[in-house]
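*Asks:* Based on the hints, put chain B in the right spot on chain U.
Listed below are the residues making up each chain.
2 protein chains.
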Amino acid sequence: METIGVIGLGNMGKPMARRLMQAGYTVVVHSRSREPVEEVVDLGAAEAPTPHDLALNANVIITSLPDSRAVELVCLEQNGIREGARQNTVLIDTSTIDPETSRKIASVLGQRGVEMLDAPVSGGQAGAIAGTLSIMVGGPEAAFNRVLPILKHLGRTITHMGPAGTGLMTKLANQIIVAANYVAIAEGLALGVKAGLDPANLVQALEGELAQSRCLELKGDRITSGNYEPTGRLTLHIKDLYYALQTARVLGVPLPMTSIVYQCFEAANAAGRGNWDHSAVVTLFEDLAGVKIRKL
Amino acid sequence: METIGVIGLGNMGKPMARRLMQAGYTVVVHSRSREPVEEVVDLGAAEAPTPHDLALNANVIITSLPDSRAVELVCLEQNGIREGARQNTVLIDTSTIDPETSRKIASVLGQRGVEMLDAPVSGGQAGAIAGTLSIMVGGPEAAFNRVLPILKHLGRTITHMGPAGTGLMTKLANQIIVAANYVAIAEGLALGVKAGLDPANLVQALEGELAQSRCLELKGDRITSGNYEPTGRLTLHIKDLYYALQTARVLGVPLPMTSIVYQCFEAANAAGRGNWDHSAVVTLFEDLAGVKIRKL
Chain U
11 METIGVIGLG
21 NMGKPMARRL
31 MQAGYTVVVH
41 SRSREPVEEV
51 VDLGAAEAPT
61 PHDLALNANV
71 IITSLPDSRA
81 VELVCLEQNG
91 IREGARQNTV
101 LIDTSTIDPE
111 TSRKIASVLG
121 QRGVEMLDAP
131 VSGGQAGAIA
141 GTLSIMVGGP
151 EAAFNRVLPI
161 LKHLGRTITH
171 MGPAGTGLMT
181 KLANQIIVAA
191 NYVAIAEGLA
201 LGVKAGLDPA
211 NLVQALEGEL
221 AQSRCLELKG
231 DRITSGNYEP
241 TGRLTLHIKD
251 LYYALQTARV
261 LGVPLPMTSI
271 VYQCFEAANA
281 AGRGNWDHSA
291 VVTLFEDLAG
301 VKIRKL
Chain B
11 METIGVIGLG
21 NMGKPMARRL
31 MQAGYTVVVH
41 SRSREPVEEV
51 VDLGAAEAPT
61 PHDLALNANV
71 IITSLPDSRA
81 VELVCLEQNG
91 IREGARQNTV
101 LIDTSTIDPE
111 TSRKIASVLG
121 QRGVEMLDAP
131 VSGGQAGAIA
141 GTLSIMVGGP
151 EAAFNRVLPI
161 LKHLGRTITH
171 MGPAGTGLMT
181 KLANQIIVAA
191 NYVAIAEGLA
201 LGVKAGLDPA
211 NLVQALEGEL
221 AQSRCLELKG
231 DRITSGNYEP
241 TGRLTLHIKD
251 LYYALQTARV
261 LGVPLPMTSI
271 VYQCFEAANA
281 AGRGNWDHSA
291 VVTLFEDLAG
301 VKIRKL
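Heads up: the protein sequence lines correspond to chains U and B, in order.
Residue numbers for the first sequence follow the working numbering, so the first one is 11 and each next one is one higher.
Residue numbers for the second sequence follow the working numbering, so the first one is 11 and each next one is one higher.
Since the hints were made in silico from the structure, they are not lab data.
Any copy will do: because identical chains look the same in the list, a pair fits if it lies in one copy or spans two.
Keeping only pairs whose Cα atoms sit at most 30 Å apart, straight-line, the calculated BS3-like set for lysine-lysine is:
1. LYS162 <-> LYS114
2. LYS302 <-> LYS114
3. LYS302 <-> LYS249
If we strip away everything but chain U, and leave its shape as in the complex, we get (with noise of 0.2 Å):
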């Protein structure tokens, strides 16, 4: 069986790590914080001090890092993956990152014998304990065919879209949707709303019409009710749609609707909602348009 590295034990990369060792993988990590890093060392992991010397000891390296910049200096600065990795590694960065940073860390590493898949996931960190993610991969398909079983014991719907950089654009091209549900949903409730109709009355009319989502269906009662304990964070999502921006303007692709929504999750941010979950733009058209649309 493979030696797995898993560099990034916060919300996603921790229960990845431990269910690879559940899965009766060597697993050897790095992270930043010590207390996820002492938590599946005493489950069994090896910890290595630095990207470099994990490199060393892995043939496939799992990257769970919150940016582009933290995913470049694992990889390409000093005592980076780079440095120690041995031929033949694939490369599993399940991060959100901007494509062009990704395609850039490819090429590089790709010199050396590493193969890096993007592989961005969604389903938040319930989906990670569970093993139940989407996984959406971009890069090389013998690489892919090859780090399939271990991503089976991580997700359930994983998907090859092609060369490097593809996983990546599937996710942020889900994240200027999803985004932009989460601002109709708050819209068309403050509208309804402010008008006198019953909160969780709408939702449920909605739900039946075409303004079903899978978004609409797992958060509306949540709206409604108040309850905004995060399932992916405002604050990442807000990353999320800087790189799909920064992706259009490197492409020329106009994106007038994303560049707003954008704007919105910034000011939700702003008035202090960051660490809530994404859909928490609703409290924002709470406060625009003066109506409560959860219950109290």
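*Replies:* What follows is chain B alone, placed relative to chain U:
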């Protein structure tokens, strides 16, 4: 059995009249266009020369008209329903008009003993033919209960939302969310396809993600195959967005995203796609981004 008057025999009104005749009701019709009138008269309907005459002969009246002005005209002006209506008549207005106008008409007709229900429908012409529309109803509960057996011949999901105007408010919230979904799908696909993804693969992946929506499921394949045969016409959706923005102005609800979405729909109309399906807003982004999402 009640005698039912049907005013407006367009894409929606004509199949509704036919279904009611098939269900055994005596139906009297009025419409500006000769052709559909002759068609239903051949099937056994009576014709009324004016809404006034129709109101003299029916205790339930269904209107299916293109906009607020048309409903106002038929209800309140010369030779209109108000002049002819009998006591205890129920008017079911299935048109999507602005809620302010609807409430005004309801109030004026109320003084003549006519109870009005705002009962906008969704499900398109196919739904009207099959009797599977969904109908969102506002207005007095007693009137709703009285005509429910009639509505059941027309629709499958029939929901009483509250007092006058609440059916329309629900419909407008629906239209806000649906329009936003199509623009979001357009932006997501334009970005992904310009980055090199295959449109059909991208649609399929998104359907399995949080981006899932009824819009994507019903129209995804049509969008990637370039089939914009209308189930709901773009120009009609523009009218609905306009009413939503007008209502938001009256209620003091900021709708920044709907405002941009509306402009995108106007742009698609200006580009000559007004009679295409409302999802044809996607083709605007093909032009804007210089990508082909449609397979040729």
